[in-house]
Amino acid sequence: MKRKILIVKAGTTHPRVRSRFGDYERWFARAMGGDPARFSVVSPFEGDELPAPEETAGIVLTGSPASVRDEAPWMRTLSEWVRRADAVDVSILGVCFGHQFLGETLGGRVEPMPGKAEFGTVAIRLTEAGRADPLFEDLPEVFSVHTVHRDELVRPPPGAVRLAENDRCLWQAFALGRHRGVQFHLETSVPIMKALAEAVGEVAPIQETDVGPRILRNWERHFVRR
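Be aware that the sequence shown starts at 481, since it is given in our numbering, and climbs by one per residue.
Think of the hints as simulated: they come from the structure by calculation, not from any bench. Each residue gets a CB set at the ideal place from its N, CA and C atoms; glycine is no exception. Just to be clear, a hint being listed does not mean it is correct.
[Unchecked claim] The following label-pair restraints were derived from C-beta to C-beta distances:
| id | residue 1 | residue 2 | range |
| --- | --- | --- | --- |
| 1 | ARG589 | GLU688 | 16 to 22 Å |
| 2 | PRO531 | PRO693 | 22 to 28 Å |
| 3 | GLY502 | ASP550 | 21 to 27 Å |
Use the sequences and the hints to build the structure in full.
So this is what it looks like as structure tokens:
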């Protein structure tokens, strides 16, 4: 049987957003071509049992309304599983909370951002390493992304390479072996972002960007096992 990409849900979106647009797994499937048969979904925060990492083609670790600093029991279980995936060299793509969780699990540190949350459409700069990384293949040095976060990775895991940054967050993306973490969202659309802003009372610029699906395609092309 062909391996599937595993979407590991670390939470669920705001109920008002979910009622209109579905949840994280639907957004990722749409951004990655729309065929749900290519994906498996597991929700450890709801008590789902995690499969053997080596049975997956690659792993997407989603965002969450939770904080890595909550240290909930399900997070400890997920941390152990992430280390197992690391040991068998299965690529993990961490997105937003997933980026922070991946970084802290592998030895980094996450803390609250100074000031207000980073919310809306923002500019990201690739580092020299980022410009050479296949995750950002065919992307310009500066591009726009959607962001929703109050915490950030402040100390990377040992051996991590910074791929992208901006003035609010130094570690917007990192590489560690076959793993990649991005603080920004790859799966959200403008309607989803506007609905989320309305639901949580945020006022921020929200603009179209096609970067998320392009990065997801690059990850699948270069890091997912066939």
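Hints, one by one, checked against the model:
1. ARG589 to GLU688: 16 to 22 Å: Violated - the Cβ-Cβ distance for ARG589 and GLU688, about 34 Å, lies outside 16 to 22 Å.
2. PRO531 to PRO693: 22 to 28 Å: Holds: the Cβ-Cβ distance is about 26 Å, inside 22 to 28 Å.
3. GLY502 to ASP550: 21 to 27 Å: Taking Cβ atoms as reference, GLY502 and ASP550 lie about 25 Å apart, which means the hint holds.
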